[in-house]
Amino acid sequence: MQIMIRLLMVIITTEIVCSGYWAAQQLGQYVPVLPEITFDDPLLAAELKALAETARQGESQDWQLLGEGLLGQGFYGEAELAFRQAVQMDPKNSMAQYNLAFCIDRTGRIAESTHEYLKAAKLAKPSESLIGSRESCIYQVGRNALRLENPAEAEEIFLDGIGFLPAVYQYSKLLVRSNRPVEAMPKINHGLSVFPNSVKFTALKMRALEQLGYFLEAEKEARLLERCESVMPTDFSIILVTPLNANLGIQHEEEISEQLWADQSLDLIAEKMNELLLLLGPTSHQKKYALRKSLIKVEYERQNANSMLELILHAHADGDFDAELLQSEGDAFALKEDWERAVSLWLRALRMSPNVTLHQKLAQFYETKKDTSSRDKHLGYAALLKAKEKYFKNQLEDSREAIRQAEKMLPEIATVWYYSAEIERALKNPDQAQANYALCLEFDPTHGRAVRALNSLGQK
Amino acid sequence: MSSQKSQLIILIVLAITIPLLAWKFIPSLPSIRTPPTVYSGGSTYPKSRQHFKRLDLETEIRGLPLITNVQIVDLDSDGRPDILVCDAQQNSVSYFKEVDGKWTEVQLIKDIPAPAHATLVDIDQDGDQDMIVSVLGNLMPDDNVVGRVELYENTPQGYQRHVILDEVRRVADVQPGDFDGDGDIDLAVAIFGYARGRVLWLENRGELQFFDHELLNAPGTIHVPVADFDSDGDLDIVAIVSQDEEELWGFENIGGGKFESHRLWMTVNFDLGSAGLVAADLDGDGDQDLILPAGDNLEDLDAYPQPYHGCYWFENRGSWDFQMARIADLGGTYSAAVGDLDNDGDQDIALVSMTNNWSRTDTASVVWLENDGYQQFSTWQIASDPIHLVTVAVGDLNSDGQLDIIAGGLNLRKPFQRIGRVSAWINQGKN
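Here the protein sequences line up with chains A and B, keeping their order. Going by our numbering, the final residue of the first sequence carries number 635, and the count climbs one at a time with no gaps. Going by our numbering, the final residue of the second sequence carries number 413, and the count climbs one at a time with no gaps.
Since the hints were derived computationally from the structure, they do not count as laboratory data. There may be inaccurate statements among the hints.
If the Cβ cut is set under 7 Å, some of the chain A residues that face chain B in the computed set are [as the list claims (entries may be wrong)]:
# : residue
1 : L183
2 : V185
3 : I187
4 : A199
Computed list of chain A residues with no C-beta within reach of chain B, every gap over 10 Å [stated by the list, open to error]:
# : residue
5 : A225
6 : S302
7 : R318
8 : D442
9 : K563
With a cut-off of at most 30 Å between alpha-carbon atoms, the simulated DSSO-like pairs for lysine-lysine come out as follows [said to hold, decoys possible]:
#  : chain 1 : residue 1 : chain 2 : residue 2
10 : B       : K6        : A       : K395
11 : A       : K544      : A       : K511
12 : B       : K92       : A       : K552
13 : B       : K92       : A       : K468
14 : A       : K224      : B       : K6
15 : A       : K468      : A       : K565
In this text the structure is predicted, and so the values were computed from the model without any measurement. We treat Cβ as the ideally placed atom computed from N, Cα and C, and that holds for glycine.
Hey, can you work out the whole structure from these sequences and the hints?
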């Protein structure tokens, strides 16, 4: 029995020591810090609290998740602390280290964030990724040097990171802005070989050519610039934060309801959206207004004119008046076959924000009224809008096809001939372009862009 | 023996109970560790000695107002100040008018998509004030050709709409002036766009027809103030170009409708956030200086004040030489208005902030910069509520000889709290 007692005493002592150690650990635990503000989002507080509870008991990854939750909602200071803890628990957690640097960066502590980005660069793997890669860390260090107005240091950093295309852009831009276009041109051309349609590289090339005195070539680039696309981001903040923002709160719920569109279960979407609207009712959250507009579209698909009109009334009561609401109100009256009101609202919407769908609806309406002149006018404008859309996307053959239709329907509209000329010029038909610019000027002699285009065509 | 037995029982109970109690209670023990301090930026200033009393022009705020511009003008030519408002929530231009001590709003023009600015000018020189509206077409980033310049001709039947420039990207500002010396009024136009934009001037060819001339091909031009910057007797144009470029341009009028471009200043700091440009003779030396509010960081989903935000003064030294000095550090500064707010004979500045650190409730949304007469400025806080302010103007609203302040709120970003639409602060003089 003595042995038994001794054994139990050893066990109890061990239990007391272990419990004490555990309690001490618990009492000294790193505490997640949540923002002390009133949340606009009715779901967010509970979700962040749950993440904080998991992090408190958890590992580096859990702290990182908490940090990402906070960062996605713009709580940079609180997110920074969570990422610090994630890095402390796992010093090799490169993404937590990158996010920590980002939080410090966006709260204006530039030198400190550079220090943290450099730590992240040591941990991160090399890749083309815009977020968290070694290249992106170094790129952010270069951007910080720009923010501190230290172009020489920035130039060196971007030159070191020249394998990363955004760094190529920044380096070339520094060269152009410091009047070194000859040095810049090979880098710009390299960028354009990767992204031939890049707005940023094309704009830079235009500047460099101007500096070199090649004004005709610069003008050609300016013309090309109109048809370029934003294909290469140089600021990665939104790319990092947007998906994090969509992970929590009302934004997450909205994304879920948007996903329901894929299943085309309109009743389900309407139900979900109404639930969210009810939740947001007492708040001033921005999503309430966007959600209401989405629901109006759902109700249109459900052919539910009265619900549409009720939602539009609510939108107006909240001070919202725009082309989209006018168009929807017109759609609702069209569903009710109140054509007079529908057309009047559609025409108002069109004056604010012309679009192909609306022109087509009006064309259909005038077709039923046997008003061919009005029908053709709207078909012509629909074709013009399509031509412009294709032109700005550099889809020139499609654009030409659409503009030919517009020419037939709207032969006295200067804008039609202007775009027709631009399209022909881009398709390397200078004679046709010249003739079309002339037609444009015949109908609108004050069209300065057409005059300049015609002059530059003559110089070639 | 029995004592040993009871000892054993107690020990067994303890051996079982201790881990159970530990398991139950220890996880819920609160941490006694002091929570780390959260970094909290943002700017606050001493309370203004010049007292300003807030005047709410509206009793009820509906939704999230998106005011893009406010001005103090005499719209109805009754000799009393009115407040002209561009509203991108209601997509309208309206004005507040004081009747029997009460301000009431009158809608002037509706169905204008995101009006950025309205310019009152007698464009057809028929003796009444017409209105030229800079139409963004979309308040949010958009690189499509959705912008317009719309002229609202003042007629006995009301305003008659004429689109005098379209097929351009988002238009942020239009300013009038006779640039070619032919006696009629031409227009300088800032096409902000997004990734692409331009600065134009529109030559008045009569009959409300305008011929467009290009001055600059660059994105992000916000304002195009017009004045005789080189004191040679004709009107020049300046432009602030933002969107990663951060350049100040001067377009020198060399006569005959020709302009010579000067890049007056630039910074490699793409993140400066130039948000406007105001021409005023800040140092009273007889020439027009420039005041640049900087603090736009709408490219972030959640904007935060940065160390370079604030207000910059470009002192006109003649011959298109402008010397830059930073005169305030208000985070998220978005708009500036110049006037003698303390009636001491020199020019002061009112500033508003769009993106100070709004997680705090004490950070400034309205301040004024007191000029000591030698262009040394002290910043005084007027208000921290409402927030998200993007436009400010000064003028004597109550005809007491002291300049008052009005501001408009663009409630695009979190927090959706302390929301305002058009707010006024009436100058009560020194405490």
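Handout entry: In rising order, the numbers of the hints this structure does not comply with
Key = Violated hints (numbers, rising): 2, 4, 7, 9, 10; every other hint is consistent with the structure.
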